[in-house]
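Novice: Just so you know, the protein sequences line up as chains A, B, C, D and E, in that order.
According to the numbering used here, the first sequence holds residues 1 to 98 in order.
According to the numbering used here, the second sequence holds residues 1 to 498 in order.
According to the numbering used here, the third sequence holds residues 1 to 578 in order.
According to the numbering used here, the fourth sequence holds residues 1 to 489 in order.
According to the numbering used here, the fifth sequence holds residues 1 to 232 in order.
Because the hints were derived from the structure by calculation, they are not lab data.
Even glycine gets a Cβ: it sits at the ideal position worked out from N, Cα and C.
Hints are supplied without guarantee of correctness; some may be wrong.
Stated by the list, open to error - Distance ranges between label pairs, derived from CB positions: (1) C:Val-523 <-> B:Thr-155: 28 to 38 Å; (2) C:Ala-199 <-> B:Ile-10: 22 to 32 Å; (3) C:Leu-573 <-> E:Val-137: 45 to 55 Å.
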Amino acid sequence: MSSALFYAWVGVVLCGLGLFGFILHRHLMRRLLAFNIMGSGSFMILVGLAQDGRGADPVPQALVLTGIVVAVASTALALVILRRWYRVSGESRLPEDV
Amino acid sequence: MALNTWLPLIVVATSLFAALGIFLLREERHTLRSAFNLSAAAIKLGLVIWMAIGVLDQVRYETRYTLIDGVSFILRADPLGIMFAGLSSVLWLFTTIYAIGYLENAPNRSRFFGFFSLCVASTVGIALAGNLFTFFLFYELLTLSTYPLVVHRGTAKSLRAGKIYLAYTLGGGAVLLLGVAALHTLVGDVEFSAGAGLRVLDPALHPMLVVIFVMLIMGLGVKAALLPLHGWLPTAMVAPAPVSALLHAVAVVKAGAFGIVRVVYDVFGIEFAWQLGLLAPLAVLASATILYGSLRALAQTDLKRRLAYSTVSQVSYIVLGTALFGPVGTVGGLVHLLHQGLMKITLFFCAGNYAETLGVHRIDELDGAGRRMPATSVAFTLGAFGMIGVPPLAGFVTKWYLGIGALQAGMEWVVAVLVLSSVLNAAYFLPVLHRIWFRPQRAPWPDEHFHAHRDTHPWLLLPTLATAAMSLAAGVLAGMPFSPLYWAEVVVHQSYLP
Amino acid sequence: MSTMIAAFGLILAPALPLLMALLWCVPGLRARVAGWTPWAALPALLLALGGQSGASVQLDWIMFGTVLGLNELNRVFLTVTATLWLGAGVYARGYLAGDARVEQFCLLWLATMAGNIGLILAQDVASFYASFALMTFAAYGLVIHARSAQALRAGRVYLAMAVVGEALILTGLMLAASGLDVPLLPMLAALPEAIAESAHRDLIITCLFFGFGIKAGLPLLHMWLPLAHPVAPIPASAVLSGAMIKAGLLGWISTLPFGLISLPHWSLFMMGTGLLAAFGAAFIGVHQQTPKTVLAYSSISQMGLITVGVGAGLHDPKVWPVLGPAIALYALHHGLAKGALFLGVGIVGHRGGRLISPLLWLALALPGLSLAGPMFSGMAAKLSLKAALAAGSSIPAWWQHLPLLLGLAAIGTTSLIARYLWLLLEVKPGHPATRSVWLGWGMVLGASTFGLVALPWLPVAAGWPPDLDYLPDLAWPVLVGVILALLAVRHLRAWPIPAGDGVVALEWVFAALVRGWRGFRVVMRRHTRKWRWSKPGAKATPSIMSLYGNRLEQTWRRDAGLIFAALLVVMLLATVLG
Amino acid sequence: MSVALPLPWLIVVPLGGAMASFLVPERWRVRLGLAVLPVMWLVTLAVLGDLAAHGVQVHALGGWSAPLGITLLADGLALGMVALTTLVFSLCAVHAASHAAEKGHNGEIGFLWPLLWFLVAALNSIWLSADIFNLYVGLELLGLTAVGLVALTGSAEALAAAMRYLLAALLGSLCYLLGVALLYAAGGSLALGDLGTIAGSGATARVALALMTLGLILKTALFPLHAWLPPAHGGALAPVSALLSALVVKASLYILIRLWLALDPDVATAAAANLLGALGAGAVLWGGWMAWRQTKLKYLVAYSTVAQIGYLFLFFPLVTGTSTIAGGLAWDGTLLMLISHALAKAGMFLAAGNLVLAMGSPLIADLSGISRFRPLSLFSFGLAGVSLMGLPPSGGFTAKWLLLQSALHSGQWWWVVVLIVGGLLSAAYVFKVLRHSFVEGPKRDHFNSPPMAMELAALALAAAGMGVGLAAQSPLTWMRIGSPFGVGG
Amino acid sequence: MSRKLLAALLSLTVTLALSLALIDRPLPTEDLPARVGQAMQSSGVAHPVTAVLLNFRSYDTLLEVGVLLIAVVVALALREAQPDGPDRMGLDNPLLRAITAWLMPLMLMVSGYLLWAGSTRPGGAFQAGAVLAACGVLLRLCGTGLSWLEQPWRLRAGLALGPLVFLAAGTATMLAGASFLAYPEPLAGSLILFIELNLMVSIALALISLFRLAPPQSDSPHFADRRRSRRE
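Excised from the complex, chain A in its bound form:
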């Protein structure tokens, strides 16, 4: 099992955990964190899997870079909306989960 594949396996595990956290938790912050874990997991799969059995492949790394920026942007926006929602309703969960 080459080292790249190892990263891919870790990524898979992270994805599983992230999905589990996303489904289970009701608190918005926890769900956001679970989303980020899942995101990192998928990035690791993307790079690890592509480089398994072949040398360093710049394309997935570039993709991951773009992915990271997108993840940052969406998490930041989620935080802004979360804070606005918290400021208006005083709740840190979605109305149906209260």
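Dock chains B, C, D and E against the given chain A, drawing on the hints supplied.
Specialist: Frame of chain A, contents of chains B, C, D and E only:
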């Protein structure tokens, strides 16, 4: 000549533009709206007559436009189509005059007249449809344009009636769509050409064709108020009089019957339908409706509901006519298409006059109406006797042809049905006539108007008398050229029997 | 040129009353039209007397092509009808002078007259049936003219039975016409042989026999007659029983296949009903309370006799050429006589039963006696009937007794007439008889007694003047009848049989039926209350579905994640294992 | 113009418009927004012209061809969607502009225009892109813009809806990204064109397809995963919810169709296709039922979107494993349904917005007597309703007709039942609204009247919905250029 | 409890499926790294990742920067919709301010280096932007307001600078006849650097304003009563 290809479209378009024009008019522009209405009706009538003459000497009017490949929008003026188009345009002219008089100071008139002309546009569209797809297109348009008329008054009762009306007609429309689509997959674009397409199909598909026929008849049966599917007609009587006159006596109900005529003759072809054994059950269903409608009419106390149930039974004459294998039965069915329209619209006009002038809705309030409103009562009597099938009037012509046609088709029991239904008709019309003519007025009229006028408002009286005269002429002068009977024979001999 | 006049005459006869009826609708002209009403029958009378038979006119625009024509047969009927309408019309003008609804009466009078005349002249089925219907429905107005309770009841019964009759006639005509080669332009004359050969011959004959029978008053179908005649104003009942009953007979004669095939069992059945009607009606009639009801029953019994003749005609084709004219003659005679008797009731009412002069009594009794047999037209009719019956070649054995039976029927008639005269005595003075009343009565009386002789072309079978050896067997029934009547006056009390006998039972059955149906409907409505469309009154309760719907929607929202994962697993299974 | 207009203009113009309206001070944003519209129209028409002249256009971005660089593919389907976007967007923009002009420049409208133009840019980038990772970025761009538009009003419901929408969108695009990772690992290339050949039909490709399908149907709000759509579309501004329902929701479906047709035929198994069809049927029935039960007008229209999306998913069972005729009919039917739904739903949302504005209350029950005061909006609502019900002569009907034909041809008669019952259900909720407008309720003479332009925009969209039905032939032939079902058929 | 178990079970199945995809994997036929290698010399940069990022797949980067910009636009819109109280962010803590003063020049230098190294080694606009954003956040935390950021139009100009330059470069190449974002061979290197510079500025500003535009902790209207309701 280019005009021949555009004429059918122009005929349908006249009332479409009238509808749009009226919708855009503001509510208080009454005179302009009436002018708009009447001119559109007149133009349409003129064009239909012109086409009728053209059709007589084999001129071919056809508008063809491919919607998507394999499906085209065809408007064609064949004798049968012209007959129905002629009927609806003539009666639309009278009903518009009547409606203008009837809705003197009612609210929402722009909306009313807009949908009114839209409804007639779809009726004429149904008449001139060249293939099953176009027919279905206008058939559904008819449902849409009639709903606002049924619920025009906006009361809880009319809205409930509207809901029931919609449930029936949209359900029927859905089943019809299924039938049309299934037929389309088998045969491709089904043009109305005396059922040429279906005969060539291999016999393995026959059970499928029977299923499709049942679906088509069920879809059309809703509007033709065949037995199990007639529930909406009596409840839709809450609509104002011109609506119940034109729509439920002429446009909507006739569209269903006309559809069945098209399906039996032009889609399946009478021989093929006979070969599949479809005609006998259809005749049984029509006869059951005839008797059921008359029986229910017997028990009604409200005048318009009694007329509604009588419509249910009368329309099935047309269906019965189509179900009789042979030219005479067909002529009987087709000629009743016109006769019933004329007679029933007269009756509804009279009912409307009674309601509007005297505020009378129930039959037992009608005592002595003959003295107060002689002209309307004469028209009502003519219509009633026509319905019973008393000879000089139009009803007898139909019953005679249907009887002879049934005997030639070897269905003797149909004669019994016809005669029994005449007795039942007499049973529910004669007491009304008795009350109108021979009973003194017991109580003051519930809500009397138009004291000034001798009988009722001229705008209400004129159309009533005109349609009554036409129904009388259709009966008495049946032998004349251009009479309904003549035209029915032209239809049968020109298109169905080479 | 003469055909032009004949055609014009043929059209004018039915058209004039119709035209006057239309003019009646114009309020201005109404009074003048009411005045002229009696003379509307004049062209028909002139046509009957003056016109030559065999003329016909074709109007192919009207209905399926109307054909009006005059032949020997319907000429006789036209004569009796026209005379009666004329006489009764003149009589009515005087009799109804003071009546409030005289104008409405005139309109209905004109309409019924047009129907009656049209029906006689019509050669094609459509216009025959059209005039028949017009006559029937317009006569309803005449029957209920008085608007009293019995009048309305009589009207209801009349209308019900008339409608059933019309339905049966329509079926018969339709079945017969379908046999024709051109069924859409059916000629009346062509019907008999069509019926003869048609597959449903017996069904057609049943329909036509009973359809026209209702109008002609066959037993069990006669109930409307004794109810309608007494309530109708006198001229109307005169016309009703005189002219309109004959319409039923004309229907039989012009449609049933006489002289073509022999139908032994049909003829037996008809002759049986005829005799039953003759004797039954006589028996019930004697027990009635009012003169007009008695006369009604006497019409039924006379029609019974005619039915016997019709039945005989069906038995042996060769008999018909002789029998047909005889029946027509008898019908003519009966119509005029019955009209005179009815109008007589009005005359008596002039000064009351007790005070009228003996001469007047004789005049009143004259038509009755002619009916019974010995007097002029009655004698001629009876003789020709007897001669025709004798002339038949292969007649069944029991026909020998027919003359005896006819004699007994004559006794019945005489007793009825006696009962009628007896009841006339009690009539209280009421209507002052004006000049036109006398004129009308006189006209009809004259026609009924002397008319027969004056008309040269009348088909008198037994030749004229009747030789005297027939006189004795005509006279004895009358004598016996008179003796019986005298005895009855002393100690026989009339049984309380209600007028219209069978109808009472019928009405009771019908009422029970209606009550049962209403009860059933109430039960049905209560049962279907539950699953009707949304009941109009029901408040829009939030249905469980909407509550359930919203709760389910909440779960979608809360467990979106779980559902997503579940669906992901399912999709993975579908694609990987798929 | 002999040489074809480069495709990226379709993306550059909206991006430029977005940035410009972002930079320009508030007062100018509406005018600038409207100014960019004609340019957008010019570019769209030019590209459509090129499609007609030269057929399918391919544009290698940055000069690098397929496997290495990203290529833009402009076949019939893509440009059909671009044209649709331009049409719907311009009318919604007119509606928003006249709304803003009428209400005066209050705050929240300020940043509406940059977001709107970003939305167009995102949509065009998705329609045109032929690279699966680029589609991911386009999806994200679209998702965030849509969330921003939903949250624009700043109220509690809007923020909750936006949050729920954002979480759903993020989870969806993350699954999509996982799928991209697997496909890249299996096939080695990100280009959509040659995905079918190189990705093979092993477990990797199948798992990738499953993940991507789930991600996309979550973003398309297919039946069990639809819960985020109604609050988001029901609560937003009228033009925003019109755009969301008409176009945004369709973008992820578009990507799914592209994927489904690009991948190896036996990766897209019949079981998966039928599962999608079943979910679609569920959507039609559940969406219709819930729409019928709604009491608020805009929520009714939102649930109607959930229902109508169900129809579009009937495409998958009708395409996998059926004859080419049935497939061709399904392709035409689905695309026509997509177009006519987009037009009709946008028209209905705008009309609903006008009615709510005129009534001052979101409830359907308060609609009584509206027909006397706002007949035009009610008429356009009815017209759009006709198209949603699939009654002739509307586009909805022709689409339903084609789907019916395809279902009957392919022998899968059960979809026919879904189509018919769906039509009846939609009739139920459309007529529920019309019924309330017919009630002659208490004399309510005071209705505030939105400017004419807003009503005309709604009418234009609804009429276009009907027009597409009548003139269905031309859009269909256009959309078949370059489609797997070829021309004609 | 059952929800947790169900969630666990479902996630486990998904993980299994993913691992199945990992195991049973065909060897990819397409070999992108080789293509990148061949095309490197015309990409204008030495480092393959930057080449892919800013040349071969520069369109992705453009959209990605658009995503970031949108996030900020939405944040700005929400602030307009829900106006916040006066901005009292930051702790007036002298020690923090002293350390910041020491660290600030170092961080600026590191971001500059990262930007420059991007063309030959891992680095580039995003990493440099992130470090710069860290400086901004640090400054904000220690209470020194960035006054020139208060000007709305200036903020917006800064934010839009990067994407605009990128877009302008792409459009220029398209107008010149080549395809979109196809940098001319000789100029590629310097053009990329110029674009990266502007991107860095925009990314930094975007991340700082995303941090700043979130509503301050204390001034949420329900803060007070929510606290009380929690306590009862």
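Novice: What hints, given by number in increasing order, does this structure fail?
Specialist: 2
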